[in-house]
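Visitor: Sequences and hints are given; from them, build the entire structure.
Chains L and G are the protein sequences, given in the same order.
So the first sequence is numbered by this note's numbering: it starts at 861 and just counts up by one.
So the second sequence is numbered by this note's numbering: it starts at 255 and just counts up by one.
Keep in mind that a hint or two might mislead.
Cβ-Cβ distance ranges computed for the label pairs, FRET-style [said to hold, decoys possible]:
(1) 413(G) <-> 891(L): 34 to 40 Å
(2) 382(G) <-> 904(L): 45 to 51 Å
(3) 422(G) <-> 891(L): 37 to 43 Å
(4) 421(G) <-> 905(L): 38 to 44 Å
(5) 381(G) <-> 905(L): 41 to 47 Å
(6) 317(G) <-> 890(L): 25 to 31 Å
(7) 902(L) <-> 368(G): 49 to 55 Å
None of these hints come from the bench; they were simulated from the model.
Please read all numbers here as calculations on a predicted model, not as lab measurements.
All residues carry an ideal CB built from backbone N, CA and C; glycine is no exception.
Each chain, letter by letter, is given below.
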Amino acid sequence: MSLETSDAEIAQIFTRLKIGEAGYPPRLLEARRIEFKQRVAEICLGRPIVFNRQAHSERNSGGNRHC
Amino acid sequence: MNDVVSLLKAAQKLDEEALTAIFDQYAPAIYKYTLRLCHDPIQADNIVGDVFAQLLEQFAAGKGPRTNLRSYLYQTAYHLVVDRSRDNQHTAPLEVAVDRLDRGQLTPTQTQIEERVMMEALISAMNSELTDDQRHVIILRFLEDFSLKETADIVGKEVNNIKVIQNRGIAKLRKALGLQLEEM
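Guide: Right under this line is the structure:
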């Protein structure tokens, strides 16, 4: 190993580091996944409610928009 | 590439499957990236939660990324880390990686010992010698494999500026590693 460390050597060390790095702990990842899916469900459920309100107000004001 | 584009289009329409697929595809990488920057597994996990919560809010508001979802997610994570790092001290960095690599090896070869010394020196230099900008750019370029342009977009700087930051960072690492070896 030379005293002059080349960029290629540095890149090689980074590659080795990538292999050795710890991943997302499965339990934490799963908990985040469940939380995210709940948020998605909330937003997806929330959207038609908002839309229905809009449709309702449009119907009351003579609009003919349908859900 | 088409898969990513169609996934993004579906996610913009708040398609549940597409959104979950995006989470599954990118959450582990965003976690690793964030952990590299903040060195705190709990904070990294929290930031992952916030990154995807923000993405969802953006889509729900009819905004969010139209292209390059990966850069967008890294950019969001980067800003969250920068915002929170002002209050936190850097503690245990990437050393875990070095330990994991050697685990289970009872008699490491001379090459493995040299590599380990180099890795420890590199990690130490990244944490002690580099500025925050240099560390972020080097992580994005060397560990996350982003292009100069993508890196520039993520950290909000010009490509030429990124080149300068990268070169200075590499020069510091090279110097630190050279000095480390001379001491051996």
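Visitor: State, for the Cβ atoms of residue 381(G) and residue 905(L), whether the hinted interval 41 to 47 Å holds or is violated.
Guide: 45 Å Cβ-Cβ, so the 41 to 47 Å window holds.
Visitor: Would you say the C-beta atoms of residue 422(G) and residue 891(L) sit inside 37 to 43 Å of each other?
Guide: holds (40 Å)
Visitor: Would you say the C-beta atoms of residue 317(G) and residue 890(L) sit inside 25 to 31 Å of each other?
Guide: This hint holds: roughly 29 Å between Cβ atoms.
Visitor: Quick check on a hinted range of 49 to 55 Å for residue 902(L) and residue 368(G), using CB atoms only.
Guide: holds (53 Å)
Visitor: If I claimed the Cβ atoms of residue 382(G) and residue 904(L) lie 45 to 51 Å apart, would that claim hold in this structure?
Guide: At roughly 47 Å between Cβ atoms, residue 904(L) and residue 382(G) fall inside 45 to 51 Å, so the hint holds.
Visitor: CB of residue 413(G) to CB of residue 891(L), is that within 34 to 40 Å?
Guide: holds (38 Å)
Visitor: Go ahead and decide if the range 38 to 44 Å is satisfied by the Cβ distance of residue 421(G) to residue 905(L).
Guide: violated (51 Å)
Consistency with the previously given hints fails for number 4 only.
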